[in-house]
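Could you build the full structure based on these sequences and the hints that come with them?
6 protein chains.
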Amino acid sequence: MRIDERSVADLRPMTIDTDYLMHPEGSVLISVGNTKVICTASIDERVPPFMRGQGKGWITAEYSMLPRATGQRNIRESSKGKIAGRTMEIQRLIGRALRSVVNLDALGERTVWIDCDVIQADGGTRTASITGAFVAMTLAIAKLAEEKSLPLFPVKDYLAAISVGMVEEHGVVLDLNYAEDSAALVDMNMVMTGAGEFVELQGTGEEATFTHQQLLDMIAVSDQGLKSIMKAQKEALGEIARKLPALGEVNPI
Amino acid sequence: MRIDERSVADLRPMTIDTDYLMHPEGSVLISVGNTKVICTASIDERVPPFMRGQGKGWITAEYSMLPRATGQRNIRESSKGKIAGRTMEIQRLIGRALRSVVNLDALGERTVWIDCDVIQADGGTRTASITGAFVAMTLAIAKLAEEKSLPLFPVKDYLAAISVGMVEEHGVVLDLNYAEDSAALVDMNMVMTGAGEFVELQGTGEEATFTHQQLLDMIAVSDQGLKSIMKAQKEALGEIARKLPALGEVNPI
Amino acid sequence: MRIDERSVADLRPMTIDTDYLMHPEGSVLISVGNTKVICTASIDERVPPFMRGQGKGWITAEYSMLPRATGQRNIRESSKGKIAGRTMEIQRLIGRALRSVVNLDALGERTVWIDCDVIQADGGTRTASITGAFVAMTLAIAKLAEEKSLPLFPVKDYLAAISVGMVEEHGVVLDLNYAEDSAALVDMNMVMTGAGEFVELQGTGEEATFTHQQLLDMIAVSDQGLKSIMKAQKEALGEIARKLPALGEVNPI
Amino acid sequence: MRIDERSVADLRPMTIDTDYLMHPEGSVLISVGNTKVICTASIDERVPPFMRGQGKGWITAEYSMLPRATGQRNIRESSKGKIAGRTMEIQRLIGRALRSVVNLDALGERTVWIDCDVIQADGGTRTASITGAFVAMTLAIAKLAEEKSLPLFPVKDYLAAISVGMVEEHGVVLDLNYAEDSAALVDMNMVMTGAGEFVELQGTGEEATFTHQQLLDMIAVSDQGLKSIMKAQKEALGEIARKLPALGEVNPI
Amino acid sequence: MRIDERSVADLRPMTIDTDYLMHPEGSVLISVGNTKVICTASIDERVPPFMRGQGKGWITAEYSMLPRATGQRNIRESSKGKIAGRTMEIQRLIGRALRSVVNLDALGERTVWIDCDVIQADGGTRTASITGAFVAMTLAIAKLAEEKSLPLFPVKDYLAAISVGMVEEHGVVLDLNYAEDSAALVDMNMVMTGAGEFVELQGTGEEATFTHQQLLDMIAVSDQGLKSIMKAQKEALGEIARKLPALGEVNPI
Amino acid sequence: MRIDERSVADLRPMTIDTDYLMHPEGSVLISVGNTKVICTASIDERVPPFMRGQGKGWITAEYSMLPRATGQRNIRESSKGKIAGRTMEIQRLIGRALRSVVNLDALGERTVWIDCDVIQADGGTRTASITGAFVAMTLAIAKLAEEKSLPLFPVKDYLAAISVGMVEEHGVVLDLNYAEDSAALVDMNMVMTGAGEFVELQGTGEEATFTHQQLLDMIAVSDQGLKSIMKAQKEALGEIARKLPALGEVNPI
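Chains as they are written, first to last, in the working numbering: chain A, 1 to 253; chain B, 254 to 506; chain C, 507 to 759; chain D, 760 to 1012; chain E, 1013 to 1265; chain F, 1266 to 1518.
Source of the hints: derived by calculation from the structure; they are not laboratory data. Note that beta-carbon positions come from the ideal geometry of N, C-alpha and C, so glycine has one too. Be careful, since some hints might not be right.
Derived pair list, reagent style EDC-like, types lysine to aspartate or glutamate, alpha-carbon separation capped at 16 Å [what the hints assert, rightly or not]:
no.: 1; chain 1: E; residue 1: K1092; chain 2: C; residue 2: E583
no.: 2; chain 1: E; residue 1: K1068; chain 2: F; residue 2: D1482
no.: 3; chain 1: C; residue 1: K588; chain 2: B; residue 2: E453
no.: 4; chain 1: F; residue 1: K1321; chain 2: E; residue 2: E1219
no.: 5; chain 1: A; residue 1: K156; chain 2: D; residue 2: D778
no.: 6; chain 1: B; residue 1: K487; chain 2: B; residue 2: D297
no.: 7; chain 1: D; residue 1: K841; chain 2: A; residue 2: E89
Short derived list, chain C residues pointing at chain B, Cβ under 8 Å [to be verified]:
no.: 8; residue: R508
no.: 9; residue: A714
no.: 10; residue: F716
Shown next as structure tokens:
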């Protein structure tokens, strides 16, 4: 039994509140255990300079934490005047992951801005951000598709993320909270599509290493978790889920 | 009748959810109409260099908006690498106002960090921030006073803020929403104590001017509004309100 | 009697040297007691991006202090790489105040850049800046109006500013010098037009509060002071003053 | 056959020139095909503030490219005044990877600064940096171990990195050059120890996805490549290689 | 005859007003033709970190221009958030030059901060800054020497600077104004001591070159000019000049 | 005899490897004793905004050091977020010097970007940069002249630089290494054309001064050294040297 009485392959309780804010084209508040992230998607009828004139769209993401999302107050990046390496890594990951399930040609020459603002952090903020941002983005694109009568729905498949790791006491554990994450020997983040293919796989030994077999074990546990998470995304999307492919059985490995 | 069916001296509906986040010593979510601000108060057992060794405490505030708190997405100040003049003005105002009702000697050599993060904006974000931050700060200081057995409760009186202005159609109006604020000829913010004294009074003709009589009218309407707001603060504070002076009748003018 | 032998409602000696520098379209050196500010006005035949194509002009201001304008040397903002909150507040105030007395349509699509550089500081630098900048701006606009044969003179009325405050020993005092300002309980800045209407009113309790009656007293004393200051502006402008409305009696309150 | 006549599992020619510069404690010039990186290791007898007083050492890395290491000139990060997200990601990866094979307690309270400066880029600069930096670091630590008579040699095992990917024409290919990398559907970087365990595994679908089987194929090909690379590291280290564990057979998968 | 009716070896009229400001330990307003610079010297009882504990003093300089010191308004360096290369070059030159005539041991462990702020520019601002800063520094050090009863007067000799150049029409000309400087083929700045020795000699062909003979001619003309300038410095210093060596005849060349 | 057994007027051994890198239009590795600099020249078919539409070209230079080019590791300017004054001075000098021997009209409306990256430093990095950059630039322009069939070869003459100084023990010494430079009383850099004319002459007393005669001595020694350096440049350029004027005898002084 883990600290919060979960078994090693259990997810934390997850909720996704849609249309959480009045202004953005798409928005959700996603809660994963005590981790809470506001994800918004904004449609901008322009693309960055390097994309202009190609008739293709773009998706870009920013990630931030409120100063007191954490146990100790963090200095704001705006006060420091620069963005931390960790923040950059996360926001690049979110943007890259979302682009992998969007048909950028079908989106047309416009940008979807994703903003993930962590209100409260208890581990897994980057994977919660991806999972929530997928829903916010799909809501915004559905609204756009309707207004502009896009001939093809630009979102091709579901996308969700989860963390998995290895801790001294329990071996492989799924969906680590902050206490577990701090003590983990290995930390892995998996981003997967509804069809069960990998988009990103990032495994890191934290001043430790891991074997080939341990890698396979971590992947197996994550696969199961992502299946549940995508069901929650489907429910949150309601009617809009019909525009996505049916959520197949995740491929067994 | 105003756009949202209020009369000129009506406040918008206001709620103050206390202990909104798990980590900060004090936190609230304040909603004023559609304006929503997360206010947190963090206790830091140090003071800034210019205050060291005086045995006195300090209170400082930061203010920010989520990029999509507004109708158009705003670029993050962390991305721009600098803080806008408007942000600086507001955070200086919040800090200064809160310090006016705190006995800094009684607080002891520590800092209360206030963070006001606007989740959704519809006018009056700076006054909602002050009103909410007062509650978050008082909650944090109450916890501190208990833990450290402070001999004197450092918060001396209530503190709340409201906006008032003049619009073409209705003259003096209280608690402007965004649409009203954009069209206002005169914009005034008042910060007042429970005892009915001014802490700040900032009136600005927006490419317009105002007379002495109009100033008096705006003050009169605000006084009434602040009285109601402080009652809501008292309720939100619950038991802790007993440590504050009784909320007197606001002095008539 | 105050530190410098003034009575409570006395202004400090004030001089306004016009055409102080050879390059700017308008320039003054304003001295208010020991406070000295160089104010320049530069005409730029462009407007900021957000104003383009509207046929209207813009007025913007920057404020700075020489490092040794003060008793202790200040680090330059260019060395620190960022502008202090206080500086931003002041330069936003100066620009906003000047715009309230200029007909921006009559100015045409051009910008007046105001620069206020404090050479020596002894209290009241922001109000001296506004008072001096008004003269520099009017000189520059008069030159422009002549050269471009503008059909309507864009400056609509006089504009001047003064500080007033409350000190322990004397109660309400006008035009505070640095020593008085440092010890003041309440600090207020008033910006008024020649017609006696308010443009800005900013009163701040410095870790103190003030009553309604005290507000009225401060306003009354300032009204008188501003009347004298505008007379000095009129003299400094010489012939150009004829393009402005006659300097009426300031409305009694 | 690939563009440069290699088969899919072939590495590019690799050379490691040790003691390339006169000043650093350890330095190499590593060439992998046309990619050339200067890696230096500097010993600093201090640790960062968050590590002080723990008796442990630290390893940190910086990565940069000469402006004309690439086909198009890049603007220097010093001119832009900020470090790109990609640079941050890479330098965090290098530092983390090296720390996984160093006994930080045995290193003592000092920092090894790694600098990887890309002189010429043709794909695989981050993996060449890790491979070269391992040698530079081991040279520097060997010198330190000698001078300070460290009781235990702090480097625990070999460490090397390689890229692998999937391209339309050939499927899985090892050690991609720039032309291949630009066209790759999947891009993966593997960092491994001499004992054949993973330190990092980062696989990214570039607007594409990959299956479980493809992941296994990429890992298998990389394992073989890393074996050869570590042999080259061993040769470059000469006598110093004796302080490291024998370079075992990489575990088959 | 030159544009302003000077002959080729004539200086422009020069005045040095001492004790121009009330706060700094030493201050002057130096006017050289239409060029006007406020030079201040501030004593700081600390030295920079790299000088601590050596018992020696330091002299450092900063240089800036008001935005409208020039014909076209310049953007403030504080607004741009960085200091231009030209500014850095000038302020390094001023500091280095002043240090060459000061006995830093005799100064004791303290810093003299020099600030040169150009109020109005018409060529030769860097040389006017050095000439004026020498006087401001000597005034400040004289005050310090008195207050602290320094056993040895730290200023060893006079120091002044002048520009010389070559223009198409007149060949070698001394003390160029802005119009001449803009058209000059060669631009040289000389900094010399009272004893007639060089401290700095910086000659630059502006997209042109100069011969050995032309160099000698420029030096000869400057020598004469500097002699006059130092006489003016001596007069400005009044009684304090007695603490300096007698102003010898400048060595003929 | 000097530290490294040279006589006072001896240069250090110098080599210039051309086409050192594969991507830039021109590149060299220049070694002067232990000082090694990679100089590249990149052709950009645009000019900076202030040059547009004039049909003329531009040459601009950047200079940097690897962090461990020196005995102590230097913090990267990209990490500090700003460029040091020394760096700015050097890169402005390099650009200005190169422009003096190029016919910018003949170059056409394009920019030559020069990058000088010091790989290893042992004194004289700025002069080695100029000498090497001249060769890299000439190689790039020769390629351009060929491809674009420029009617006139834009490089007008050779350009090289050397340092000279005065040290306590030996008096005037040529081409100082780091140990000599650190102890020098006077430090001078000379930049000269193939025709023997000065482009730049910068002499600095390092908290010391120098006489007229010493200036002449330093110039004489440098003249001889530059003659040898230009011969090496000619050899490095090979066939391309034919496009330059014959390397005349340097004018005796």
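Failing hints, ascending? Structure breaks hints 2, 3, 5, 6, 8.
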